[in-house]
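Novice: Protein chains in written order, with numbering that gives the first Met the number 0: chain A, 0 to 440; chain B, 0 to 358.
The hints are simulated quantities; they were obtained by calculation from the structure and are not laboratory data. For clarity, every value in this text was computed on a predicted model and none was experimentally measured. Hints are not guaranteed to be accurate.
[Unchecked claim] Reference excerpt, derived from the structure (chain B facing chain A, CB under 7 Å, subset only):
#1 131
#2 256
#3 260
#4 315
[What the hints assert, rightly or not] Distance condition first, Cα-Cα at most 35 Å in a straight line; then the derived DSBU-like pairs of lysine-lysine:
#5 193(A) with 92(B)
#6 430(A) with 9(B)
#7 149(B) with 219(A)
#8 9(B) with 149(B)
#9 430(A) with 402(A)
#10 149(B) with 193(A)
#11 259(A) with 201(B)
#12 149(B) with 224(A)
#13 193(A) with 307(A)
#14 248(A) with 149(B)
#15 128(B) with 219(A)
#16 96(A) with 248(A)
#17 201(B) with 176(A)
#18 430(A) with 149(B)
#19 369(A) with 123(A)
#20 235(B) with 390(A)
#21 201(B) with 235(B)
#22 96(A) with 309(A)
#23 347(A) with 313(A)
#24 96(A) with 280(A)
#25 248(A) with 259(A)
#26 123(A) with 128(B)
#27 301(A) with 280(A)
#28 280(A) with 9(B)
#29 149(B) with 174(A)
#30 219(A) with 301(A)
#31 369(A) with 313(A)
#32 149(B) with 177(A)
#33 96(A) with 390(A)
Cβ coordinates follow ideal geometry from the N, Cα and C atoms, glycine included.
Next come the chains, spelled out residue by residue.
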Amino acid sequence: MSIKRIKTSIIAAAVISGLIGASAALAADSQFVGSLVYRTGPYAPGGIPWADGFADYIELLNARDGGINGVKLELEECDTAYNTDKGVECYERLKNKGSTGMPAVMPLSTGITYALLDRVVADKIPLITSGYGRADAADGRIFPYVFVPPATYWGGADIAINYIANQEGGYGNLKGKKIALVYHDSAYGKEPIKTLQALASQYGFQFSEFPVPHPGLEQKATWLKIGRQLRPDYVLMWGWGVMNATAIKEAAAVGFPREKFIGVWWSGNDADMIPAGDAAKGYKSLQFNGVGSDFGVHKQIKSELYEKGKGSAKSAENTGEVAYNRGLQSAFILTEALRGAMAEYGNKPMTGEQVAWAMDRLDISADRLKEVGADGLFDPIKLSCADHLGKGRAKVTQWDGSKWVAISDWIEPHATMLRSMYEASAAAYAKEKGITPRDCK
Amino acid sequence: MLYREAGEFKATYQADQAILTIRQDRWFMLALMVIAFLVIPLISSEYWLGTIMLPFLILALAALGLNVLTGYAGQLSLGTGGFMATGAFAAYKLATSFPDLHIFLVILLAGGITAVAGLLFGIPSLRIKGFYLAVATLASQFFLIWMFNKFGWFTNYSASGVISAPPMAVIGDSYVTGPYATAEAKYLFVLSIVVLFALMTKNLVRSNIGREWMAVRDMDIAAEIIGIRMLPTKLKAFAYSSFLCGIAGALWAFVYTGSVEPLAFDVNRSFQILFMIIIGGLGSIMGAFLGAGFIVLLPIFLNNAPHWIGLNIHVDLISHIEFMVFGALIIFFLIVEPHGLARLWQLLKEKLRLWPFPY
Chain A
0 MSIKRIKTSI
10 IAAAVISGLI
20 GASAALAADS
30 QFVGSLVYRT
40 GPYAPGGIPW
50 ADGFADYIEL
60 LNARDGGING
70 VKLELEECDT
80 AYNTDKGVEC
90 YERLKNKGST
100 GMPAVMPLST
110 GITYALLDRV
120 VADKIPLITS
130 GYGRADAADG
140 RIFPYVFVPP
150 ATYWGGADIA
160 INYIANQEGG
170 YGNLKGKKIA
180 LVYHDSAYGK
190 EPIKTLQALA
200 SQYGFQFSEF
210 PVPHPGLEQK
220 ATWLKIGRQL
230 RPDYVLMWGW
240 GVMNATAIKE
250 AAAVGFPREK
260 FIGVWWSGND
270 ADMIPAGDAA
280 KGYKSLQFNG
290 VGSDFGVHKQ
300 IKSELYEKGK
310 GSAKSAENTG
320 EVAYNRGLQS
330 AFILTEALRG
340 AMAEYGNKPM
350 TGEQVAWAMD
360 RLDISADRLK
370 EVGADGLFDP
380 IKLSCADHLG
390 KGRAKVTQWD
400 GSKWVAISDW
410 IEPHATMLRS
420 MYEASAAAYA
430 KEKGITPRDC
440 K
Chain B
0 MLYREAGEFK
10 ATYQADQAIL
20 TIRQDRWFML
30 ALMVIAFLVI
40 PLISSEYWLG
50 TIMLPFLILA
60 LAALGLNVLT
70 GYAGQLSLGT
80 GGFMATGAFA
90 AYKLATSFPD
100 LHIFLVILLA
110 GGITAVAGLL
120 FGIPSLRIKG
130 FYLAVATLAS
140 QFFLIWMFNK
150 FGWFTNYSAS
160 GVISAPPMAV
170 IGDSYVTGPY
180 ATAEAKYLFV
190 LSIVVLFALM
200 TKNLVRSNIG
210 REWMAVRDMD
220 IAAEIIGIRM
230 LPTKLKAFAY
240 SSFLCGIAGA
250 LWAFVYTGSV
260 EPLAFDVNRS
270 FQILFMIIIG
280 GLGSIMGAFL
290 GAGFIVLLPI
300 FLNNAPHWIG
310 LNIHVDLISH
320 IEFMVFGALI
330 IFFLIVEPHG
340 LARLWQLLKE
350 KLRLWPFPY
């Protein structure tokens with residue numbers, strides 16, 4: 000009998016949910032903000048600070064300004080556990096909540112991003128993937144609802160080579176150098192390969208790839224090959240989760256200098272460095288945001304939220320983590336887009352389509368960054384209908400044993416070369432999917 | 000009183016061989032079909048159809064495939080994810096190489112290609128049995144995923160190794176893949192395929208092929224002695240099972256998500272489907288559906304439940320509660336009924352026959 004009872008209750012719950020879902024529409028004058036986070040699951044150590052940063056910035060606007068232009072922000076999180084199935088379910092659950100639905104979605108996972116590409120076009124909800132997802136979505140003519148500021152993996156690969164060339168005294172000295180890439184064997188990890196191959200043939204360095212199967216706990220053979228046979232001049236890493244700390248420990252074990260080991264931003268979380276202990280000292284990572292918690296926006300968050308016991312993170316000390324700052328940045332980009340949309344459509348809750356309109360014209364200037372106290376924390380972003388990326392700059396930072404220290408200024412990737420690569424890749428996608436590029440004039 | 004075969008006389012062999020011999024069962028099935036094809040698309044929201052029913056149906060089809068192999072033919076397999084990936088990538092290659100091919104043909108041919116892959120990986124089953132076979136099929140899981148990751152040809156040399164489905168219509172303008180497909184169209188398309196293959200499988204396991212599978216499952220030496228040839232029988236099971244899994248994989252990539260990376264079909268997917276048939280009931284068509292329902296729907300239900308009853312608790316706490324309750328329920332059901340939910344269903348029907356006068 001129990002099975003029947005369970006079935007009945009599931010059906011009953013479904014019916015009730017339909018009723019509540021219909022009536023639970025929030026007050027008409029508040030803006031719903033859905034946030035896909037992963038506070039649980041194997042990658043939670045990197046997901047929790049991001050979620051806290053995102054929530055804190057939204058709450059800061061609510062506490063300090065009463066929302067945006069008087070429109071209060073209603074934040075609801077949904078836990079994806081970094082699982083694509085759950086992420087799609089979360090997106091579908093949140094997309095119609097509030098009076099106008101979700102203004103934008105930030106899935107925080109390459110897998111979920113891919114699963115949502117078709118859905119956001121149908122739902123007219125912008126998909127903002129900051130530093131992950133499809134690099135070729137920088138071509139806004141083919142991806143009208145996908146935005147990739149502030150940086151892409153292809154740009155990241157280019158910036159890393161740019162930094163190496165700087166260290167070696169110019170691009171001319173790259174000839175004959177050996178550069179290896181250790182990457183997570185997934186869609187995410189494979190993104191930089193084409194760019195690095197193109198750069199290798201252009202500048203004459205020798206490029207070798209080392210895929211690491213998920214989850215990346217076993218890298219002994221990889222690093223023996225790198226450390227004893229290949230002996231590269233530099234190693235780049237596109238790693239994720241536990242793979243990062245393992246790679247750094249293995250690099251130390253084979254004596255590869257950590258100063259010549261450069262990770263992409265997702266290999267540069269505080270949570271990944273601490274398990275590697277002393278081995279991580281000297282390791283470098285790209286970051287598309289500034290590091291530390293001495294910026295004006297952090298001070299405001301501390302005084303408005305943490306001192307009143309309203310902060311999202313455990314304590315105010317967690318507010319400087321790299322992943323936390325990324326959460327802040329994502330919330331900042333979204334709320335600036337909301338501001339832009341409200342300037343056009345009036346001070347009321349915005350729909351996804353209106354936010355997409357504003358994202359096409361997003362202009363976060365240096366002055367605006369100074370105003371919110373994020374000068375140096377974020378890079379200015381200017382998007383257009385055709386350009387959904389902006390400058391795509393990043394910094395190189397180094398782990399000093401307890402925190403990240405910026406060791407370079409913003410580095411700009413080769414815009415023209417990358418732009419033609421984005422366009423070629425996006426055009427291939429458009430052909431496959433039968434998309435007619437929109438006119439951006 | 001209401002549900003019994005007494006008084007229903009069968010005058011022809013055909014009537015005697017029907018799948019549902021009891022009239023009430025036929026009514027129930029008819030009602031279920033009416034609900035599935037008419038009522039659910041009419042009353043359900045897009046969230047309910049596109050996010051809950053679609054994965055449920057597609058994974059039920061995969062579970063059906065695995066149930067043929069493991070439940071009926073007794074060959075334990077952990078390669079389901081790999082076979083689903085094969086179906087997805089085959090469908091992608093077919094759809095991009097032959098853009099005029101009809102979606103139904105694409106999916107069928109993808110299933111056919113997966114069946115060939117299944118045949119290859121089924122060959123060791125003649126020598127390897129039980130848990131050892133599970134480990135051998137695990138190799139297919141890792142090999143296939145590795146292959147799709149490694150060779151750019153499978154993804155048309157996409158930088159990230161992700162495939163995405165071109166928009167395809169069943170007829171005229173009714174798209175079932177791509178951004179302009181409605182949830183209703185997708186649901187009805189998947190439902191039709193799942194019902195079709197469930198019916199086909201039900202008939203197949205009642206035929207001589209199915210009886211051979213069951214004979215091999217129950218005791219392979221005895222089956223061999225009565226004249227059943229091991230290799231063709233086992234390979235048929237592998238081929239048909241992979242065929243269904245391939246179709247499920249193609250549907251998953253094309254109709255449900257639209258774009259997938261090979262990691263969507265990693266070993267966790269194989270385990271998920273194996274758990275579905277264990278919970279649902281080995282060697283039962285109904286079991287595949289009940290198991291898929293349990294594994295797919297229950298976590299979503301548990302995750303949403305606190306919101307529905309108005310509790311405002313943190314998302315991470317909800318997720319942890321979901322894990323704990325879900326795990327406890329699995330243990331509970333396996334203790335109460337080790338033969339799966341399908342067995343509970345059967346017991347329910349037996350009790351119904353006696354109701355209201357149980358001796």
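Novice: Between the alpha carbons of residue 248(A) and residue 259(A), is the straight-line distance 35 Å or under?
Specialist: 14 Å, holds
Novice: Is residue 235(B) close enough to residue 390(A), meaning Cα to Cα at most 35 Å?
Specialist: 57 Å, violated
Novice: Does the alpha-carbon distance linking residue 96(A) and residue 309(A) stay inside the 35 Å limit?
Specialist: This hinted pair holds, its Cα atoms lying about 24 Å apart.
Novice: Holds or violated: residue 193(A) and residue 92(B), Cα atoms, limit 35 Å.
Specialist: With Cα atoms ~21 Å apart, residue 193(A) and residue 92(B) stay inside 35 Å; holds.
Novice: Would the pair residue 347(A) and residue 313(A) pass a check requiring their Cα atoms to be no farther apart than 35 Å?
Specialist: Roughly 33 Å separates the two Cα atoms, so the pair holds.
Novice: Checking one constraint from the list: CA of residue 369(A) to CA of residue 313(A), max 35 Å. Satisfied?
Specialist: Roughly 28 Å separates the two Cα atoms, so the pair holds.
Novice: Check the hint pairing residue 9(B) with residue 149(B) against an upper bound of 35 Å on the C-alpha distance.
Specialist: 59 Å, violated
Novice: Are the Cα positions of residue 259(A) and residue 201(B) separated by 35 Å at most?
Specialist: 61 Å, violated
Novice: Would you check the hint for residue 96(A) and residue 248(A), treating anything up to 35 Å between C-alpha atoms as holding?
Specialist: Distance ~45 Å between residue 96(A) and residue 248(A) Cα, so the pair is violated.
Novice: Next pair to validate is residue 369(A) with residue 123(A); report whether the Cα-Cα distance is within 35 Å.
Specialist: Holds: residue 369(A) and residue 123(A) sit about 32 Å apart, inside 35 Å.
Novice: Verify the proposed pairing of residue 430(A) with residue 402(A), using a straight-line Cα cut of 35 Å.
Specialist: 46 Å, violated
Novice: Is residue 201(B) close enough to residue 176(A), meaning Cα to Cα at most 35 Å?
Specialist: This hinted pair is violated, its Cα atoms lying about 63 Å apart.
The structure fails to meet hints 1, 6, 8, 9, 11, 13, 16, 17, 20, 24, 26, 28 and 30 from the earlier list, while all remaining hints are met.
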